[in-house]
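We have chain A; now place chain B onto it with these hints.
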Amino acid sequence: MKKLSYLFFLTILLTNCAHTPEVHTVEIAQMKFNPPVLYVNKGDTVVFINNGFVDHDVTESENHKWASPVLSAGESWSMVATESSDYYCSIHVVMKGKIVVK
Amino acid sequence: MKLTKTLAQKTLGLLVLAIIISVPAAAQEMPKLTDAEVAHVAVVANKIDIGYAEIAKEMSTNEDVLNFAETMINDHNAIIAQAAALAKKLGVTPMDNPVSQQLLTNAETTKETLRSKSAEAFDQAYIDNEVAYHKAVINAVEGLLIPETENAELKQLLQNVLPALRTHLEHAQMVQKQLQSK
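From first to last, the protein sequence lines stand for chains A and B.
Residue 174, in our numbering, is where the first sequence stops; the numbers in between run on with no holes.
Residue 214, in our numbering, is where the second sequence stops; the numbers in between run on with no holes.
It should be emphasised that the hints constitute simulated quantities derived from the structure, not laboratory data.
The reader is advised that the hints may include incorrect statements.
Stated by the list, open to error - Heads up, simulated DMTMM-like pairs for lysine to aspartate or glutamate below, C-alpha to C-alpha not over 20 angstroms straight-line: (1) A:Lys168 <-> B:Glu202; (2) A:Lys168 <-> A:Asp127; (3) A:Lys168 <-> B:Asp96; (4) A:Lys104 <-> A:Asp129; (5) B:Lys79 <-> A:Asp127; (6) A:Lys170 <-> A:Glu155; (7) A:Lys114 <-> A:Asp127; (8) A:Lys168 <-> A:Glu147; (9) A:Lys104 <-> B:Glu202; (10) B:Lys121 <-> B:Asp67; (11) B:Lys209 <-> B:Glu95; (12) B:Lys214 <-> B:Glu202.
What the hints assert, rightly or not - Facing chain A, a subset of chain B residues (Cβ under 7 angstroms, in silico): (13) Thr103; (14) Asp107; (15) Ala110; (16) Gln114; (17) Ala117; (18) Ala196; (19) Thr199; (20) Glu202; (21) His203.
Beta carbons are placed, not taken as given, at the ideal position from N, Cα and C, and that holds for glycine.
Next up, chain A with everything else stripped away, as it sits in the complex (with noise of 0.2 angstroms):
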């Protein structure tokens, strides 16, 4: 019974060790990702909030793997970041960001 309650105690310690995932924001104004790179954990929250005043959305690069719908002025959209990514805004192109997973 001892034994028991020591691996409960150990599993539960180890699991508290594990990486809690965190929220993290990226702020699109002045026509900028900010910040423009972003290192996460792997199941870590990004949330795009969108603080300037015309339409950006956030789109993934390589393949248009993922993409937020377009977000007007004060909306926000977040997604799990499972894998690293370059990201652009696809209505101003030269607008480009990173998501960097540790």
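Using the frame of chain A, we list chain B on its own:
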């Protein structure tokens, strides 16, 4: 190509010409504009680019050109909406003036030239004009409109618009390169 270049060069001088024309011959300084006149010039400059984009939507079949034109319509309308909201808040009525009048006159000439292009020549002419126009507008906002503006909120609005104009310029230059490499 020669015609296209002429159009772009002509457009590059649009605002400079407008400024020079509205300056008394003896004066060696920029035209004096009230805040209401600055607001009008800003709105007119945005409407002109929407007008060019509408012609592009009628005449082009190139996907990159059409996407760029759509972005110009949406973004410049958003800028106009910001300017209108601020004018309302400040109780300012944008006022017609020689600079905005000259801009409109020149824009009509440019529109006629764009409409006279063949389908093949149009895309290059439109995008060359967009590169030149955005360069000219950026110069005018930085060199004339911001310095002339007294109201802090209007000045801030003009400063906030600059990143969008620079992004449009960069986007236009990218499409210009794509067209030239075809």
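Evaluated hints:
1. A:Lys168 <-> B:Glu202: 13 angstroms, holds
2. A:Lys168 <-> A:Asp127: Between A:Lys168 and A:Asp127 the Cα gap is close to 15 angstroms, so the pair holds against 20 angstroms.
3. A:Lys168 <-> B:Asp96: The given pair, whose Cα atoms are some 17 angstroms apart, holds under the 20 angstroms limit.
4. A:Lys104 <-> A:Asp129: 12 angstroms, holds
5. B:Lys79 <-> A:Asp127: 18 angstroms, holds
6. A:Lys170 <-> A:Glu155: Satisfied, since the Cα-Cα distance of roughly 11 angstroms is no more than 20 angstroms.
7. A:Lys114 <-> A:Asp127: Outside the cut-off at roughly 29 angstroms; violated.
8. A:Lys168 <-> A:Glu147: This hinted pair holds, its Cα atoms lying about 19 angstroms apart.
9. A:Lys104 <-> B:Glu202: Holds: A:Lys104 and B:Glu202 sit about 13 angstroms apart, inside 20 angstroms.
10. B:Lys121 <-> B:Asp67: 14 angstroms, holds
11. B:Lys209 <-> B:Glu95: Given pair B:Lys209, B:Glu95 holds - Cα atoms ~15 angstroms apart, limit 20 angstroms.
12. B:Lys214 <-> B:Glu202: Between B:Lys214 and B:Glu202 the Cα gap is close to 19 angstroms, so the pair holds against 20 angstroms.
13. Thr103: 5 angstroms, holds
14. Asp107: 5 angstroms, holds
15. Ala110: Hint on B:Ala110: holds, closest Cβ of chain A at ~5 angstroms, below 7 angstroms.
16. Gln114: 6 angstroms, holds
17. Ala117: 10 angstroms, violated
18. Ala196: 6 angstroms, holds
19. Thr199: This interface hint holds because 4 angstroms falls under the 7 angstroms limit.
20. Glu202: OK, holds: B:Glu202 within 7 angstroms of chain A, min 4 angstroms.
21. His203: Result: holds, 5 angstroms to nearest chain A Cβ.
When each numbered hint is compared with the structure, violations occur for hints 7, 17.
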